[in-house]
Amino acid sequence: MHLEENSLFEENLFYLLAVIGSLITAVGLGAALYMEHSGHVVTGMNNQVVWGMPHVFAIFLVVAASGVLNVASIGSVFGKTLYKARAPLSGLLALAMLAAGLIIVMLDLGRADRMIVAMTHLNITSMFGWNTILYPGFFAIVGIYMWTLMDRKMNPYSKPAGLAAFIWRILLTTGTGSIFGFLVARQAYQSAMLAPMFIIMSFAWGLAVFMIVQKAMFSWNDKQLHPQIRARMKNLLGTFVAAVFYFVIVYHLTNLYFAKQTAFEHFILLSGGAFTVLFWGGYVLLGTLLPLLLLYAPAFSNRSGSVFAAASLVLVGAFSLLYVFIIGAQVFPLDIFPGMEVSSSFMDGKIDHYTPSLPEILLGFGGIGIAFTATAIGVRVLKFLPEDDIQKLENSGHMLD
Amino acid sequence: MSAPQNRINNPSRRNFIAATAVGAASLGAVALAPGLHLIEVSQASAPSAGASSKVRWGMLIDTTKCASGCDECVQACNTENGINETVQDARQGSQWIRKIDLKDPQSGRQHSLPMMCQHCEKPPCVDVCPTGASMKRADGIVLVDRHICIGCRYCMMACPYKARSFVHQPLTEQNPQVPRGMGCVESCTFCVQRVDRGLKPACVEACPEGAMTFGDLNDPNSDIARRLANEASTQVRADLKLGLGVRYQGI
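One line per chain: the protein sequences are A and B, in this order.
Note that this note's numbering has the first sequence beginning at 1, numbered continuously upward.
Note that this note's numbering has the second sequence beginning at 1, numbered continuously upward.
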């Protein structure tokens with residue numbers, strides 16, 4: 001991927017992609033400025049649904065960012081040579097996506113101008129507060145880890161650095177899941193299951209993102225991923241997707257068993273309109289069952305296109321699940337007076353509705369634009385295309401283990 | 001050396017210097033006086049001490065006296081705290097206190113009550129606030145420090161009573177004693193600006209039925225403490241064990 005090796009067409013394609021990414025980013029930043037100037041009155045968010053579309057994008061990016069680093073961890077920590085070649089790209093994607101997710105959250109703040117306050121005032125009982133330590137720590141540790149991977153002199157330290165990064169990413173996703181898990185007020189949350197559930201979600205979504213980016217980079221460079229490598233990665237993706245499904249099933253079964261939660265479950269699973277459609281259609285069908293079919297059914301599983309489609313569908317499922325989890329949980333009324341019928345001027349006892357406004361959606365896509373542009377420039381400037389020495393892998397038995 | 005002495009010993013010149021000095025001092029005094037006066041005023045109006053942990057402010061609400069459809073408490077709160085903005089979507093407006101109508105589906109018994117910040121002893125909003133803007137005063141009043149609230153709304157996700165509002169739009173014509181601002185979270189303060197002057201919250205004074213009692217829970221001689229000692233009362237979502245400052249009767 002040396003600059004001189006690129007044809008004129010590739011050069012132009014890179015600049016086109018960089019411009020498109022920058023434009024999307026600029027539109028997102030413009031939308032954030034508009035929200036900052038006008039107030040959140042121009043969003044679909046309100047005092048019942050306090051977190052909206054920007055948070056769906058941000059949580060996806062943050063969770064997937066920590067997950068995409070797993071590819072590097074499998075190489076450095078668990079010694080799988082196949083994944084070692086992928087470690088730099090994995091680290092770059094992790095940094096780009098985490099930065100993008102955090103920028104969305106920051107720009108959605110009511111007082112985005114007070115970021116310095118968030119950095120200088122820390123409440124240690126707050127999971128958000130802890131995250132203000134976990135996120136910069138992630139940047140620092142992954143940065144050092146990438147240094148050990150890319151500087152030959154530092155290579156001996158890549159294993160301990162990789163282990164530190166792996167432990168830190170587990171802590172980080174625990175923190176993200178616990179943002180919700182530690183909320184006692186809402187029916188959908190207040191569960192210790194959310195931290196491990198977010199970790200396994202990050203495994204699946206991060207790997208899906210990695211496989212999509214890897215496929216795009218190989219296609220760009222007129223290369224083909226070795227079928228055995230693809231087979232190994234798609235099997236890993238399938239395992240993660242199935243594991244997420246297991247957690248989602250257990251989470252809902254637990255709720256269904258508790259009488260106080262059945263109304264909420266009825267809403268999400270049966271009567272929730274768009275939320276029900278997104279759960280069953282978006283997450284279960286498109287985001288889980290169809291990818292599993294594409295990854296494991298003999299008719300599809302060996303095709304490069306099937307694996308790419310499966311990874312893409314996993315992301316459709318991710319957004320669907322997060323939308324139901326974040327928004328669906330808020331439109332459902334708080335159970336302030338259990339067992340009573342309630343009504344008020346403030347949606348008590350009623351299912352709320354939420355329609356994301358254009359600026360919110362643009363801010364979310366702006367975050368995707370940031371991650372995309374940073375990745376495109378990163379892989380262009382640095383040598384991040386995974387180079388597989390197939391013969392060496394076969395000889396060492398790493399294609400089989 | 002003699003010439004200057006002569007000049008200063010000159011009576012007319014000496015008088016001029018003295019007069020000038022007196023004049024300058026007088027002008028200075030005139031210039032400083034308003035400032036000194038302001039300092040005196042501000043010192044006079046400032047509380048002599050901060051909130052005391054010996055006091056635990058609380059409220060008792062008798063829902064058997066609270067009429068459905070009556071919102072005098074809500075109006076009084078809005079007036080006192082300068083909540084006067086018009087919003088197209090009511091869900092985006094601030095509601096520091098709201099009326100909730102309850103009905104027992106089995107018995108059909110109905111009642112109405114005002115719901116606001118419950119001023120928890122262990123407030124989830126304070127626990128989750130990343131910057132410490134959500135805070136509890138020593139006397140139990142839960143407040144938001146508008147200077148360090150970043151508008152993340154995590155406290156709103158955490159509050160089991162939906163008692164907090166986020167200011168969604170620019171504000172005008174605010175009450176100088178109750179600073180509010182776009183992009184920050186706010187909620188019932190027990191009218192802290194009144195309580196610190198020895199007054200009751202606006203809602204308590206406005207209730208035509210006298211359904212709301214405000215006072216020091218720690219003072220065994222206060223009306224509220226005596227009633228809580230002798231009459232049954234309930235904390236909303238008592239299962240959460242948050243130690244509420246607001247108690248209800250009749251629910």
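Just to be clear, a hint being listed does not mean it is correct.
[To be verified] Cut-off 27 angstroms, straight-line C-alpha distance, at most; resulting in silico cross-link-like pairs (BS3-like, lysine-lysine): (1) A:Lys392 with A:Lys84; (2) A:Lys392 with A:Lys159; (3) A:Lys260 with A:Lys159; (4) A:Lys350 with B:Lys200; (5) B:Lys65 with B:Lys103; (6) A:Lys80 with A:Lys153; (7) A:Lys260 with B:Lys103; (8) B:Lys54 with B:Lys241; (9) B:Lys241 with A:Lys260; (10) A:Lys153 with A:Lys350; (11) A:Lys153 with A:Lys383; (12) B:Lys136 with B:Lys200; (13) A:Lys260 with B:Lys122; (14) A:Lys215 with A:Lys383; (15) B:Lys103 with A:Lys350; (16) A:Lys215 with A:Lys84; (17) A:Lys350 with A:Lys223; (18) A:Lys350 with B:Lys54.
Simulated from the structure, these hints should not be mistaken for lab results.
For each hint, the structure was consulted:
1. A:Lys392 with A:Lys84: holds, 13 angstroms
2. A:Lys392 with A:Lys159: holds, 21 angstroms
3. A:Lys260 with A:Lys159: Given pair A:Lys260, A:Lys159 is violated - Cα atoms ~48 angstroms apart, limit 27 angstroms.
4. A:Lys350 with B:Lys200: violated, 33 angstroms
5. B:Lys65 with B:Lys103: Answer holds: B:Lys65 to B:Lys103 is near 16 angstroms, not above 27 angstroms.
6. A:Lys80 with A:Lys153: Holds, at about 21 angstroms.
7. A:Lys260 with B:Lys103: Holds: A:Lys260 and B:Lys103 sit about 18 angstroms apart, inside 27 angstroms.
8. B:Lys54 with B:Lys241: holds, 21 angstroms
9. B:Lys241 with A:Lys260: Holds: B:Lys241 and A:Lys260 sit about 18 angstroms apart, inside 27 angstroms.
10. A:Lys153 with A:Lys350: violated, 63 angstroms
11. A:Lys153 with A:Lys383: With a Cα-Cα distance of about 17 angstroms, the restraint between A:Lys153 and A:Lys383 holds, given a limit of 27 angstroms.
12. B:Lys136 with B:Lys200: holds, 19 angstroms
13. A:Lys260 with B:Lys122: holds, 24 angstroms
14. A:Lys215 with A:Lys383: Holds, at roughly 16 angstroms.
15. B:Lys103 with A:Lys350: holds, 14 angstroms
16. A:Lys215 with A:Lys84: holds, 17 angstroms
17. A:Lys350 with A:Lys223: violated, 55 angstroms
18. A:Lys350 with B:Lys54: Answer violated: A:Lys350 to B:Lys54 is near 41 angstroms, above 27 angstroms.
Comparing the model with each numbered hint stated earlier shows that hints 3, 4, 10, 17 and 18 do not hold.
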